[in-house]
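Asker: The lines below spell out each chain.
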Amino acid sequence: MSYAARREQINKLIDDGALWLWKWVHRFVRETGELCIFGYRAVVLFFRKPFRAEELINHMEFVGNKSLSIIFLSGLFTGLALAYQIYLGFKQVNMANMVGPVVALAIFRELGPVLTGLLVAARAGGAMAARIGTMRVTEQIDALEVIGVDPLQYLVSPRVWASVLMLPILTAFFDFIAIIGAWLITIKILEMDEAQFWDRISTWIYPYHIYEGLFKAAIFGLCFAVICTHRGYTTTGGAAGVGSSTNRGVVLSMVFIIILDFFVTNLINTFYAWKELLTR
Amino acid sequence: MNTNESAISIRDVRKSFDGRDYVLNGINLEIEKGLITVIIGYSGTGKSVLLKHILGLLKPSSGSIRVFGQEITTMDREELTRFRQHYGMLFQYAALFDDMSALDNVMFPLREHRRDLSKAQMEEIARARLKEAGLDEKHYRKLPAEMSGGMRKRVGLARALALDPEILIYDEPTTGLDPVLTEMVDNLILSTHNLRKGTTSIIVSHDLHAAFRIADRVAMLDSGRVLLYGTPEDFLKSDIDLVKRFVAKGVRREVETATESGAREKS
Chain A
307 MSYAARREQI
317 NKLIDDGALW
327 LWKWVHRFVR
337 ETGELCIFGY
347 RAVVLFFRKP
357 FRAEELINHM
367 EFVGNKSLSI
377 IFLSGLFTGL
387 ALAYQIYLGF
397 KQVNMANMVG
407 PVVALAIFRE
417 LGPVLTGLLV
427 AARAGGAMAA
437 RIGTMRVTEQ
447 IDALEVIGVD
457 PLQYLVSPRV
467 WASVLMLPIL
477 TAFFDFIAII
487 GAWLITIKIL
497 EMDEAQFWDR
507 ISTWIYPYHI
517 YEGLFKAAIF
527 GLCFAVICTH
537 RGYTTTGGAA
547 GVGSSTNRGV
557 VLSMVFIIIL
567 DFFVTNLINT
577 FYAWKELLTR
Chain Z
189 MNTNESAISI
199 RDVRKSFDGR
209 DYVLNGINLE
219 IEKGLITVII
229 GYSGTGKSVL
239 LKHILGLLKP
249 SSGSIRVFGQ
259 EITTMDREEL
269 TRFRQHYGML
279 FQYAALFDDM
289 SALDNVMFPL
299 REHRRDLSKA
309 QMEEIARARL
319 KEAGLDEKHY
329 RKLPAEMSGG
339 MRKRVGLARA
349 LALDPEILIY
359 DEPTTGLDPV
369 LTEMVDNLIL
379 STHNLRKGTT
389 SIIVSHDLHA
399 AFRIADRVAM
409 LDSGRVLLYG
419 TPEDFLKSDI
429 DLVKRFVAKG
439 VRREVETATE
449 SGAREKS
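Chains as they are written, first to last, in the numbering used here: chain A, 307 to 586; chain Z, 189 to 455.
If you're looking for bench data, these hints aren't it; they were derived computationally from the structure. Ideal Cβ placement from N, Cα and C applies to all residues, glycine included. Warning: the hint list may mix true and false statements.
[Unchecked claim] Here are the computed lysine to aspartate or glutamate pairs in the EDC-like style, where the Cα-Cα straight-line distance is at most 20 Å: (1) Z/221 x Z/429; (2) Z/240 x A/499; (3) A/355 x Z/287; (4) A/355 x Z/266; (5) A/355 x Z/304; (6) Z/247 x A/340; (7) Z/307 x A/500.
[Stated by the list, open to error] Facing chain A, according to a computed beta carbon distance under 10 Å, are these residues of chain Z, among others: (8) 244; (9) 248; (10) 265; (11) 289; (12) 296; (13) 301; (14) 304; (15) 344.
With the rest of the complex left out, here is chain A (with noise of 0.2 Å):
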């Protein structure tokens, strides 16, 4: 091959690369775009007439209350393996009464909310995308829409609210579960001291530690059923449409949980970081 050919040919491929690259920035953003307009309309029509209070219960029901008995397993057993495994490591450099405020630090700012998140929006998240999206294969969307009715303000918005609500109640139930979790294992297991386990959680942990979890439960509440519901709204092609949206709705909201984490994280720690700078 000549030079002149070889050089059309890598010439060719940084031009399809680019326009590769292109297209998938300009999808990416035309989507986040779409989504955050979604997300923006769902929370402000829940506040336009006529309220959908009814719904919003029988939402918040579903999302909190049938995911208790997930969250308590899931609770339970992360206390459990995590005080152990904090315990295992501390006794080696004889810090092993300081396994109780660890464990609760990393179950209140991290693990509470994380785990809640990931765990809702698997279980409620996929099940408002599949049937928003069945709705919509099944043209009920539209028939909502022929009735007057607003789809978004009668589906989503009570869905996107329920979830907000609930996500923190129920990260403070699965902090509570983990916390009895770690306490099972260390003191009625591992026989440490009972007083000074309490001691030093109430030592080490303040109130805002619990509450920086919370706040980012509802943040992780409002991400994943903006973006199941969202996949559940856009569905196309049937059955097969449905799947396909459900499974991508899940999977992007557990992306998302992980990726918002880190960034809501830095916000908070910010935050404090300027209001301790400002008060000093």
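With chain A's structure known, arrange chain Z on it following the hints.
Answerer: Then chain Z, alone, in the frame of chain A:
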């Protein structure tokens, strides 16, 4: 019945989804008040897209759609939501809310728009509509998944009638149904129309037999335009090649259907 008064006036409506190909390519159609107008055409000629424009679910790229003199193409989302109370629609597969019973499905539009009514009054109206649509009372508490196709159509029609709409729209009401059920649905459309004087009915279908049986006016679409608009007789007399072929196919199907029914009855 010919009122010559227009319920829906569609002028030069064009619609393109990609900016190049036009699904609707200059539609002009006057849908007369109080008549049954059937919109027919081969698949992909823009029937469903036109229907979505009439309902305000899609906005045209250009042109005007006036319903009872009101321009709907410039209405915002909230105005359209309110305006759609003029419409009642029977979907192809009824599109019933699958978590609600037949009665709740019919009560749903009343719960949304007639908050002045008590629950008992709503139920009374819903029962009357279901009776009008010919659904047996023992099925009122059934969920859509527990109903047959014909029963679902009846509930769908009852729901469409719940708010006493001025315009009734039927999207492919007989597609996929057997001849007996097709006739039942046709009769239901006719009896509903006759009971509600002044209601404008629009049926989107490619079932020519049904079109000729129940239509006062027929509009045939081709390539996003109205190829012919007139009475069923105008269609039989038409010299337009595409219309002649469509009519011929419809007549042949009718003969085949009659032969099949006859053979079944004999056996």
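Asker: Could you check the structure against the hints above and give me the numbers of any it violates, in ascending order?
Answerer: The structure conflicts with hints 1, 2, 3, 7, 9, 11, 14, although it agrees with all the remaining ones.
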